[in-house]
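Protein sequences appear in the order of chains Y and S.
Going by our numbering, the first residue of the first sequence is number 2, and it counts up by one from there.
Going by our numbering, the first residue of the second sequence is number 2, and it counts up by one from there.
One should not assume that every hint holds.
[Stated by the list, open to error] Capping the alpha-carbon separation at 30 Å, the derived lysine-lysine pairs in DSBU-like fashion look like this:
1. Lys220/S - Lys224/Y
2. Lys111/S - Lys166/Y
3. Lys305/S - Lys275/Y
4. Lys418/S - Lys224/Y
5. Lys275/Y - Lys415/S
6. Lys111/S - Lys220/Y
7. Lys350/Y - Lys275/S
8. Lys418/S - Lys350/S
9. Lys305/S - Lys275/S
10. Lys224/S - Lys132/S
11. Lys111/S - Lys58/S
12. Lys354/Y - Lys275/Y
[Claimed, not checked] Derived list of chain S stretches under chain Y, where covered just means 3 residues or more per stretch with a C-beta under 8 Å from a C-beta of chain Y:
13. 75-87
14. 250-264
Rather than coming from a laboratory, the hints here were simulated on the basis of the structure.
Where a beta carbon is used, it is the ideal one built from N, C-alpha and C, also for glycine.
Protein chains: 2
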Amino acid sequence: MSTREVLQLLDEKKLLTLKVRFTEMQPADIAALFSDIIDNNLAPHNSLIILYRILPKETAAESFTYMDSEIQEVLINAFTDKELQDVLDELYIDDTVDMIEEMPANVVSKILSHVDRSTRSQINDLLQYPKDSAGSIMTTEFVYFKVGSEVRECFERIRSVGIMKETVYTCYVTDCRRLVGVVTVLELLMADPETLVEDIADTNFISVNTSDDKESVAKTLSKYDLHAIPVCDNEKRIVGIVTFDDALDVLEEENTEDFAKMAAISPIEDSYFKTSVWRHAASRLPWLLFLMLSATLTGFVTNKFEVLTASVPVLISLMPMIMGTAGNSGSQSSTLIIRGMAVDEIHLKDFLKVLWKEIRVAVLCSVCLAVVNGLRIYFFEKDGLLITLAVSFSIIGVVILAKVVGSMLPMLAKRIKLDPAIMATPMISTILDTCSLLIYFTVATIILNNYL
Amino acid sequence: MSTREVLQLLDEKKLLTLKVRFTEMQPADIAALFSDIIDNNLAPHNSLIILYRILPKETAAESFTYMDSEIQEVLINAFTDKELQDVLDELYIDDTVDMIEEMPANVVSKILSHVDRSTRSQINDLLQYPKDSAGSIMTTEFVYFKVGSEVRECFERIRSVGIMKETVYTCYVTDCRRLVGVVTVLELLMADPETLVEDIADTNFISVNTSDDKESVAKTLSKYDLHAIPVCDNEKRIVGIVTFDDALDVLEEENTEDFAKMAAISPIEDSYFKTSVWRHAASRLPWLLFLMLSATLTGFVTNKFEVLTASVPVLISLMPMIMGTAGNSGSQSSTLIIRGMAVDEIHLKDFLKVLWKEIRVAVLCSVCLAVVNGLRIYFFEKDGLLITLAVSFSIIGVVILAKVVGSMLPMLAKRIKLDPAIMATPMISTILDTCSLLIYFTVATIILNNYL
Numbered sequence: 002m003s004t005r006e007v008l009q010l011l012d013e014k015k016l017l018t019l020k021v022r023f024t025e026m027q028p029a030d031i032a033a034l035f036s037d038i039i040d041n042n043l044a045p046h047n048s049l050i051i052l053y054r055i056l057p058k059e060t061a062a063e064s065f066t067y068m069d070s071e072i073q074e075v076l077i078n079a080f081t082d083k084e085l086q087d088v089l090d091e092l093y094i095d096d097t098v099d100m101i102e103e104m105p106a107n108v109v110s111k112i113l114s115h116v117d118r119s120t121r122s123q124i125n126d127l128l129q130y131p132k133d134s135a136g137s138i139m140t141t142e143f144v145y146f147k148v149g150s151e152v153r154e155c156f157e158r159i160r161s162v163g164i165m166k167e168t169v170y171t172c173y174v175t176d177c178r179r180l181v182g183v184v185t186v187l188e189l190l191m192a193d194p195e196t197l198v199e200d201i202a203d204t205n206f207i208s209v210n211t212s213d214d215k216e217s218v219a220k221t222l223s224k225y226d227l228h229a230i231p232v233c234d235n236e237k238r239i240v241g242i243v244t245f246d247d248a249l250d251v252l253e254e255e256n257t258e259d260f261a262k263m264a265a266i267s268p269i270e271d272s273y274f275k276t277s278v279w280r281h282a283a284s285r286l287p288w289l290l291f292l293m294l295s296a297t298l299t300g301f302v303t304n305k306f307e308v309l310t311a312s313v314p315v316l317i318s319l320m321p322m323i324m325g326t327a328g329n330s331g332s333q334s335s336t337l338i339i340r341g342m343a344v345d346e347i348h349l350k351d352f353l354k355v356l357w358k359e360i361r362v363a364v365l366c367s368v369c370l371a372v373v374n375g376l377r378i379y380f381f382e383k384d385g386l387l388i389t390l391a392v393s394f395s396i397i398g399v400v401i402l403a404k405v406v407g408s409m410l411p412m413l414a415k416r417i418k419l420d421p422a423i424m425a426t427p428m429i430s431t432i433l434d435t436c437s438l439l440i441y442f443t444v445a446t447i448i449l450n451n452y453l
Numbered sequence: 002m003s004t005r006e007v008l009q010l011l012d013e014k015k016l017l018t019l020k021v022r023f024t025e026m027q028p029a030d031i032a033a034l035f036s037d038i039i040d041n042n043l044a045p046h047n048s049l050i051i052l053y054r055i056l057p058k059e060t061a062a063e064s065f066t067y068m069d070s071e072i073q074e075v076l077i078n079a080f081t082d083k084e085l086q087d088v089l090d091e092l093y094i095d096d097t098v099d100m101i102e103e104m105p106a107n108v109v110s111k112i113l114s115h116v117d118r119s120t121r122s123q124i125n126d127l128l129q130y131p132k133d134s135a136g137s138i139m140t141t142e143f144v145y146f147k148v149g150s151e152v153r154e155c156f157e158r159i160r161s162v163g164i165m166k167e168t169v170y171t172c173y174v175t176d177c178r179r180l181v182g183v184v185t186v187l188e189l190l191m192a193d194p195e196t197l198v199e200d201i202a203d204t205n206f207i208s209v210n211t212s213d214d215k216e217s218v219a220k221t222l223s224k225y226d227l228h229a230i231p232v233c234d235n236e237k238r239i240v241g242i243v244t245f246d247d248a249l250d251v252l253e254e255e256n257t258e259d260f261a262k263m264a265a266i267s268p269i270e271d272s273y274f275k276t277s278v279w280r281h282a283a284s285r286l287p288w289l290l291f292l293m294l295s296a297t298l299t300g301f302v303t304n305k306f307e308v309l310t311a312s313v314p315v316l317i318s319l320m321p322m323i324m325g326t327a328g329n330s331g332s333q334s335s336t337l338i339i340r341g342m343a344v345d346e347i348h349l350k351d352f353l354k355v356l357w358k359e360i361r362v363a364v365l366c367s368v369c370l371a372v373v374n375g376l377r378i379y380f381f382e383k384d385g386l387l388i389t390l391a392v393s394f395s396i397i398g399v400v401i402l403a404k405v406v407g408s409m410l411p412m413l414a415k416r417i418k419l420d421p422a423i424m425a426t427p428m429i430s431t432i433l434d435t436c437s438l439l440i441y442f443t444v445a446t447i448i449l450n451n452y453l
C-alpha cells in the first residue's frame with residue numbers, strides 16, 4: 002500500500018479498511034511508510050499516532066522497532082503506559098539501548114520508568130561500553146545452559162525463555178558463567194534427550210572481547226559464517242552476543258564511512274536528508290579548505306616555469322590533461338588497495354608485491370596512453386614532434402608515479418595507524434597535481450631546451 | 002598457528018604435533034593458511050596434499066569449503082575417491098555449483114561422477130540460472146513440510162534430513178510445492194506437538210523470484226532481518242533459498258564493485274593478487290584513455306583564452322586550484338548521492354529536495370572558500386584586488402556548479418537506467434574541469450576587461 006493510499010483512506014476515515022490492509026504489510030514496510038510521511042511532511046504528527054493505533058496488535062510493536070528515532074520520539078510522547086509497555090516488551094535490549102541513546106532526557110526517563118529493575122540495570126551496563134566496541138552493539142539476551150544440563154532440559158529452557166531472546170539457534174554452555182562451549186539447536190535436535198549438553202557442544206569456538214572494535218567483530222562473524230558470536234569479558238565470562246543482522250548493519254555503515262572519506266567528507270552518522278545543511282557544510286568544508294590551500298603548491302610550480310609556458314603556450318592547454326591522467330591513475334590504484342585492505346585481501350607485508358604489480362600495470366597503461374595521445378597531438382593538433390615527445394614521456398612518468406604513490410600511500414598510512422581511506426583521492430590528488438606538473442614541465446624543459 | 006610454524010613442523014616431519022595443533026584451528030583459518038602457502042609459493046603443491054591429509058577428519062572437508070578454487074583444483078586432482086566423496090558430502094549444493102563454475106572440464110567431470118543422480122540434476126538446474134540472478138546464488142537444500150503435517154512430524158523430518166540442509170531454522174510450508182507459509186524452529190519448539198504446521202506458519206512472508214537480481218535479493222534479506230529468504234519460480238513454487246551468509250557476500254561484492262566504478266575501473270571478479278597484470282591494465286586503461294581524450298575539451302577552453310592568460314599569467318598558476326576545488330566539491334556530492342541511492346536512502350523522486358539541499362550547502366561552502374582564498378591572494382600573494390575578486394567569484398560559481406552537477410548527474414544516470422557509480426568521480430571530473438575553466442576565464446575576462 003502506498004503512502005498516498007494510506008493517507009487517503011485516513012482522510013476518508015476508512016479505518017477498518019486501513020487495518021485490514023495493514024495486516025498484509027511487513028513491519029519494515031510500515032516503518033518506511035511512517036518515515037515517508039514525516040520526512041515529507043505529508044501529515045501532522047497526530048496522524049502518525051492515529052495510524053499507529055490502527056495497526057494490528059502483533060504488528061504495531063514490531064513496526065516500532067524498525068522506525069527512525071524521530072518517529073519513535075513522537076510516538077513515545079503520545080503513548081499510553083500500556084502502549085509503551087507493549088513496545089518495550091517487543092524490543093530486544095540492544096535495540097532499546099540504541100533508542101535511548103537517541104532520545105532526549107524526558108523520553109529516556111519515561112522509558113526507564115517502564116522497564117523492570119533487571120532490564121534497567123542491563124541497559125545501564127550496555128550504555129557504559131565505549132562507542133564502536135563489541136559491547137556497544139551486543140545484546141544481553143542469549144540462551145545459555147549450565148554444564149551438566151541434559152538436552153531435554155535445554156529444550157525446556159528454550160521453551161521457557163526462548164521467545165524473549167534475540168536468537169535461540171546458537172546457544173552457549175557455561176561453567177560458573179565462563180563460556181565453555183557453543184551448541185546449535187540443530188545439534189540439540191539431533192541428540193538423544195538424555196545426553197549432557199557439554200558432550201555435544203563445540204569447545205573450539207570463536208569469541209570476542211567486549212572491548213574489541215565492532216568492525217572487526219562484524220568481519221569475524223562474516224569470515225566464519227556465524228549466526229551470532231559470543232562476547233566475553235576479560236575473565237572469559239559470556240556477557241552478550243552479536244547477531245548477524247547487527248553485524249551486517251555495522252559493515253554497511255563502515256562501507257558508507259569509507260565512501261565518504263574517500264570523497265573527502267568527514268563521515269556523518271545520520272542519513273543524507275536527516276543531516277542539516279549546516280552539518281553537511283561543516284563535514285565538507287574542512288577538506289575543501291585544506292585541499293584548496295594545498296593546491297597553492299601547484300602555483301609554485303607553474304610560477305617557476307612561467308618563462309617556459311609563456312614561450313610555448315600550448316603546454317598550458319595540455320596541463321589539465323596531464324593532471325587529470327595522473328589523478329585518475331592514482332585514484333584507481335589507491336581505491337583498489339584501500340578496498341583490498343578493508344576486505345582483508347591485501348596486507349601490509351605484501352607491499353613489495355603490490356609495488357611490483359602496480360609498476361608493471363603502470364608501464365602497460367602509460368605506454369598505451371602515451372602512444373594514443375602522441376598520435377593525437379602529432380597528427381590532429383599538429384603540435385610538432387618535440388612537444389609530442391615531451392607530452393608522451395611526461396605521461397609515462399606521471400602515470401608510473403601516480404600508481405606508485407596511489408598504492409603505497411594508503412599502505413604507509415595503515416602502517417603508521419592512520420586511516421587509509423583518508424589518504425585516498427583527496428590527499429593523493431593534491432600530491433599528484435603538484436608532482437605531475439613538476440615532471441611535465443621538467444621533461445618539457447629538457448626536451449625543448451636541447452632541441453628547440 | 003602461523004604458516005611458518007606449520008611448514009617447519011612439516012619439514013621436521015612432526016605430523017602428529019601438526020594434527021593436534023590443527024584440531025585447535027577453525028576451518029576458515031586453515032583455508033587461509035593454505036592460501037598463504039600457495040599465493041606466496043612457500044611450499045610445493047604436494048605439501049598441500051600432505052597437510053590436507055593430516056587435517057582431522059571432521060575439519061578437512063569443512064576447511065575445503067573455505068578454500069580458493071585454485072587450491073581446490075590442486076586438491077581434487079590429488080584426491081582419492083573417498084576423499085572427494087567426503088568433501089562433496091560436506092559441501093552445500095550452492096557451494097558445489099560455485100566450485101564447478103571455476104574448474105576446468107576434467108575436474109568438473111571428476112566431480113560429477115562422484116555425486117548421485119539427483120544431486121547431479123540439481124547442479125545442472127542451478128547452472129542454468131543467469132549470472133547475478135537469485136537462482137544463481139540460492140541453494141536447493143532447504144527443509145519444507147507439506148500442509149497438514151503435525152509439529153511432531155516436522156521435528157521428525159528435521160531430525161532425518163536437517164543435517165544435510167544449509168539451514169533448518171527457517172522452514173517452509175508447501176501445498177503441492179506452492180509456498181504457503183514460513184515457520185521457524187523456535188515457533189515449532191513453542192507449539193504443541195499435535196498442532197498442524199499451517200496453523201503456526203506465517204502466511205504473510207517475503208519471497209523473491211529466481212530471476213530477481215541478486216543484489217536486490219540481498220538487500221531485501223537485510224531490510225527484513227531474515228536468516229534466509231525463499232526463492233520461488235513463476236508458479237510460486239519454492240525452488241530454493243538464499244541464506245544470510247551468501248547475501249552478505251553479495252553485498253560486499255557489490256560494494257567492492259561500486260568502489261571500483263567510482264575510481265574509473267571496470268570491476269574485476271577476482272581478488273587483487275589473483276588478477277594478472279594484463280587484466281589489471283585492461284580494466285583500468287579504457288577509462289584512462291577516455292578521460293585523457295575527453296580532457297582535450299579543457300584544451301579548447303585554454304586556447305580560447307590564450308590572450309587573457311598571456312597578459313595575466315598569474316591566472317595560469319591558479320588554474321589547478323580552481324579545477325581541484327571543483328573536482329573535490331563535485332565528488333563529495335556525487336559520492337553522497339550515489340551511496341545514498343545504493344542504500345535506498347535517496348530516491349529519484351527526491352531530486353528537487355536534493356538539488357535544494359546541495360545548492361544551500363554549496364553557497365555556504367563556496368562563500369567560506371572564496372573569503373579564505375581571497376584573503377590569501379590579496380594579502381600574501383599580493384595579486385591585486387581585481388584578480389582577487391575574479392578568483393573569489395569564480396570559486397563561488399564553480400563550487401555551486403560542481404555540487405549541482407555532482408548531485409544531479411548520478412540521479413539522471415539512474416533515471417535513464419545507467420549505473421550511477423560510473424557517473425561518479427571519473428565522468429563528473431571531466432565535465433567539471435572544462436566547465437570550471439570556462440567559468441573562471443569568463444569571470445576573469447569580465448572583471449579584468451571592465452576595470453583593468
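Against the structure, the hints come out as follows:
| no. | hint | in the structure |
| --- | --- | --- |
| 1 | Lys220/S - Lys224/Y | holds, 19 Å |
| 2 | Lys111/S - Lys166/Y | violated, 46 Å |
| 3 | Lys305/S - Lys275/Y | violated, 44 Å |
| 4 | Lys418/S - Lys224/Y | violated, 34 Å |
| 5 | Lys275/Y - Lys415/S | holds, 22 Å |
| 6 | Lys111/S - Lys220/Y | violated, 35 Å |
| 7 | Lys350/Y - Lys275/S | holds, 17 Å |
| 8 | Lys418/S - Lys350/S | holds, 15 Å |
| 9 | Lys305/S - Lys275/S | violated, 47 Å |
| 10 | Lys224/S - Lys132/S | holds, 23 Å |
| 11 | Lys111/S - Lys58/S | holds, 22 Å |
| 12 | Lys354/Y - Lys275/Y | violated, 44 Å |
| 13 | 75-87 | violated (count 0) |
| 14 | 250-264 | holds (count 9) |
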